[in-house]
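Peer 1: Listed below are the residues making up each chain.
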Amino acid sequence: MKTRWLKTTATDASRFQQQLSVARCRELIRSQTGRLAGAGLLLALFLLWETAVRLTDTPVYLVPAPSDILADLAVNLPHLLSAGLVTLAEALAGLVLGTAVGLGLAILITFWGRLEQGVMSLAILIKSTPIIAIAPILTIWLGFGHAPKVIITALLTFFPVLINALSGFRSADPAVLDYLHSLNASPQEIFILVRWPSARPYLFAALKVAAPLAMIGAVVAEWMGASSGLGRQMWLAYTNLDMPALFAAVFVLTLLSTAVYQSVVLLEKRFLFWQPNS
Amino acid sequence: MLHATPIHLENVSKSFEGSNGRLDVLDGINLDIRPGEFVSIVGPSGCGKSTLLRLVAALDTPTSGQIWLNGQPPLALRAQKEIGWMAQKPALLPWRTILDNVRLPQQVNRQASSQPSAPTESLLKMMGLADFAAAYPHTLSGGMQQRAALARTLASNAAVWLMDEPFSALDELTRQALADEMLAIWQKYRPTVLWVTHHIPEAVKLSDRLVLLTQRPSHISGIVPVDLPRPRDDTSTSFQAVVRQARTILQKGAV
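Protein chains in written order, with our numbering: chain A, 1 to 278; chain B, 1001 to 1255.
Just so you know, the hints here were simulated from the structure itself, not pulled from any lab data. A portion of the hints provided could be inaccurate.
Computed, partial: chain B to chain A, Cβ under 7 Å [claimed, not checked]:
{"id": "1", "residue": "1057"}
{"id": "2", "residue": "1059"}
{"id": "3", "residue": "1078"}
{"id": "4", "residue": "1079"}
{"id": "5", "residue": "1081"}
{"id": "6", "residue": "1083"}
{"id": "7", "residue": "1085"}
{"id": "8", "residue": "1087"}
{"id": "9", "residue": "1089"}
{"id": "10", "residue": "1091"}
{"id": "11", "residue": "1095"}
{"id": "12", "residue": "1105"}
{"id": "13", "residue": "1108"}
{"id": "14", "residue": "1109"}
Pairs of lysine to any residue, SDA-like flavour, derived with a Cα cap of 20 Å [claimed, not checked]:
{"id": "15", "chain 1": "A", "residue 1": "269", "chain 2": "B", "residue 2": "1096"}
{"id": "16", "chain 1": "B", "residue 1": "1125", "chain 2": "B", "residue 2": "1143"}
{"id": "17", "chain 1": "A", "residue 1": "269", "chain 2": "B", "residue 2": "1093"}
Glycine included, every Cβ here is placed at the ideal spot set by N, Cα and C.
Isolated chain B (complex conformation):
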């Protein structure tokens, strides 16, 4: 794993050409993310947060502007298997057992010589999936499936984790439990995390900074640092103050 990978976005814009004409999604995004930082991108639905993440993952290309990951274009970092991608859907292969799913990142793109962070079996144990190693995804609950997807991301041992609302399809309790585990994993391995969410308290609970986006075509309406010690108590007044601050900025941007 390439430790300490900064992310640098320079005037990034994205438009889509559709049958109904041009759709401007992102409008001049400038952002610097420090190596090992946990940054949440928060914005109203449809504002282009996911598009932004796809650009950083080289799953799509910006219409204009530049993206640099550790001084390299996204595609170069992707070729080195330094990008850990996780979305709302667990995207497990239904015909593979949980163990074989978690092994998947080591089986593709072998010329990129990334070392697994730990043996797959111990990763499963760490994620509480040891008993389900031989199970198929459809026999597991949504929470367990997403847990397996998290283990798979962990197994790829990437320097940059790009996570698109990974827990938003789960029930509240599972969501909180997985967020706590995510935090523990991040504190242990320290990847640079870009976390997309529309859930402000979740972003405040996890991240170093919140990047707030406006309605489409979106630009950054504000950046809110969270200077609270972890683990954070979401009932404390200081926590609530940060949530309120972020919400106020978002509401202005949504108009």
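Extracted from the complex, chain A is given alone in its bound form:
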């Protein structure tokens, strides 16, 4: 009797363990399903594209097949990557400048509310002017170097930072503000202790918008005339009707943009630990 009982529990235990490992596998599959599905969809899309191009015999100067683009990448990837690094550096410099200006203006308005209307009207004016209209002017004024790219990127990115930072500084919990007032804390103390940390989620939201915008700004500026960068590579490919090279450049640009975005997401996870669902 006793041994039988032991045996049953032993098989039960192993069955339980089996169920556990099955459950763990399922968990793993479930957690990776989104990613797998995304990759699968992309692959299917490329296959469809390849087949369509081959079946219809579309000339390569109209639509290159993925294999044509891959062939170009295989040769030119180092070249494209070094061009991409130039664009990335310009985009990041512009993003830093734009963020600094946006943050600075938001801080100014937070401390001196009377400035709000003037600053915001000017900001909206700049924001409403299409960047494609400003870019050639700046290129004529500042030449083919990095300066116009950085400035155009900054012009494109300061606005989301300004708007979000302002909302963020104002999002401070009224109960916490009451508490700090009851201690007679100064506006500067309240800013450092409460408003700035409260604005951090808003700032990351702004960066998530501004970082891809920065890449767009830098590339658009390079299209207007540049001595280096991905935009210039694209412009060269475009004037030569070299479609595989153009697509290869787009591929590298997308890769870099995604990397920039993901870096912001990683930073956000690192800094916003107190927000369970961010």
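Fit chain B to the given chain A structure using the hints.
Peer 2: Relative to chain A, chain B alone:
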């Protein structure tokens, strides 16, 4: 800590100008609170108890009338960091640990040279929070968060404690436990306490006197002294009698 700080309210009225016109909230409040006294302000919701407390904390200014704390205007006492404020929400900084939250009052307004009542670590120990010193507020229960807020108020070592329904968002058991601790703290440090609540038995359990407010625009409808020895047994007939007395006056004022 400035010991023995009396509170004196003289004909205090407060109105708010809104888009729907003028809203009269407080109408001629006269009140004298003795130094080290525990006074509860009880009234129906929306009657202006919180507004009254905000006026004493200098978070708002009266439309007319005067408030004196130890013979000084509220703002002067606030500048000396002699006001301990605690509201229904714990208002902890979510990005700071419990220890750093409790240290906050010592980190702001440093020119006011208030001495902490005790080292922060021993305060946490006293409040049963020693194990949570390094924890962040969102990992704690509501009761524990409010416990931390109480420790923070204690750490500021203020002479006047202004408490706006601090435990009313908590469950009944936690509420009673914290009320008992509040009483022990008050008996040890003897700050002057103004305690806003709509819970009559809680007010009777804690306070020296109950100040009862009418419906808006509110004035004082009665003051009920509680002459019972502490700790008070809320099942005793004398306790129930005081509760009944307060409730009768409140019901008249609410009509």
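Peer 1: All hints are to be evaluated individually against the structure, with a verdict given for each.
Peer 2: Outcome of the hint check:
| no. | hint | in the structure |
| --- | --- | --- |
| 1 | 1057 | 5 Å, holds |
| 2 | 1059 | 6 Å, holds |
| 3 | 1078 | 5 Å, holds |
| 4 | 1079 | 5 Å, holds |
| 5 | 1081 | 6 Å, holds |
| 6 | 1083 | 5 Å, holds |
| 7 | 1085 | 3 Å, holds |
| 8 | 1087 | 6 Å, holds |
| 9 | 1089 | 4 Å, holds |
| 10 | 1091 | 4 Å, holds |
| 11 | 1095 | 5 Å, holds |
| 12 | 1105 | 6 Å, holds |
| 13 | 1108 | 4 Å, holds |
| 14 | 1109 | 5 Å, holds |
| 15 | A/269 / B/1096 | 17 Å, holds |
| 16 | B/1125 / B/1143 | 16 Å, holds |
| 17 | A/269 / B/1093 | 18 Å, holds |
In this structure, every one of the numbered hints holds.
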